[in-house]
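Listed below, chain by chain, are the residues.
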Amino acid sequence: GQQVMQIPQYQHVQEGEDFTTYCNSSTTLSNIQWYKQRPGGHPVFLIQLVKSGEVKKQKRLTFQFGEAKKNSSLHITATQTTDVGTYFCAGNNFNKFYFGSGTKLNVKP
Amino acid sequence: NAGVTQTPKFQVLKTGQSMTLQCAQDMNHEYMSWYRQDPGMGLRLIHYSVGAGITDQGEVPNGYNVSRSTTEDFPLRLLSAAPSQTSVYFCASSYSLATNEKLFFGSGTQLSVL
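For the record, the sequence lines run as chains H and S. Be aware that the first sequence starts at 73, since it is given in the numbering used here, and climbs by one per residue. Be aware that the second sequence starts at 9, since it is given in the numbering used here, and climbs by one per residue.
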């Protein structure tokens with residue numbers, strides 16, 4: 073069945089360092105979305121990628137969708153303490169969103 | 009707009025008890041879904057609905073029932089609670105998956121089954 077794998081599971085960085093999380097699907101996705109969940113909170117939508125090879129930026133965040141539409145990445149430049157949380161990718165296929173296991177980011181000030 | 013409202017926020021059940029987690033949205037969303045979140049396993053889809061009167065199973069449907077009698081409400085029923093159902097449950101809705109809309113999540117229900 074559909075599987076979306078995400079690595080790493082945890083990442084501890086010093087404030088100012090960069091951070092990247094990777095998402096891989098076992099099948100081709102129609103689109104991929106990224107969500108952020110703050111500690112104790114609920115997932116909040118960040119962005120959606122639809123086109124093969126698409127790259128989108130939101131301030132210090134850069135999102136990429138692979139050419140084969142089976143993988144994606146989220147890169148944060150110069151992390152800040154406000155970036156703390158768990159980042160999830162979610163692939164959409166036939167009315168079902170398959171979420172990755174998430175990457176928990178901790179930023180030390 | 010209140011968005012997606014889930015009740016209760018916390019619940020403790022004994023094994024074998026039944027209960028209903030409530031979810032309501034006021035955004036006229038067609039698509040509604042239930043997820044459970046367990047440490048290290050991300051969000052797993054339990055059931056979903058693409059409109060009133062239409063429901064379907066997700067990845068982990070066993071032990072759960074849903075119904076969608078109105079556009080606004082999508083309750084999740086635990087028929088006979090088991091300790092394996094201890095988890096955080098999120099309801100999420102979207103205007104329409106056909107247009108690749110984003111999911112809006114409720115604040116979650118933390119359920120413990122003893």
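Everything labelled a hint here was simulated from the structure, so no lab data went into it. Keep in mind the model is a prediction, meaning the values are calculated, not measured. Just to be clear, a hint being listed does not mean it is correct.
Below, in silico cross-link-like pairs of lysine-lysine (DSBU-like), each with a Cα-Cα straight-line distance of 30 Å or less [said to hold, decoys possible]:
#	chain 1	residue 1	chain 2	residue 2
1	H	176	S	17
2	S	110	H	176
3	S	17	H	142
Footprint (simulated), chain S over chain H, 3 or more residues, beta carbon under 8 Å [said to hold, decoys possible]:
#	segment
4	116 to 130
5	146 to 157
Glycine residues also receive a C-beta, built at the ideal position from the N, C-alpha and C atoms.
Provide an ascending list of the numbers of those earlier hints which the structure does not satisfy. 3 and 5
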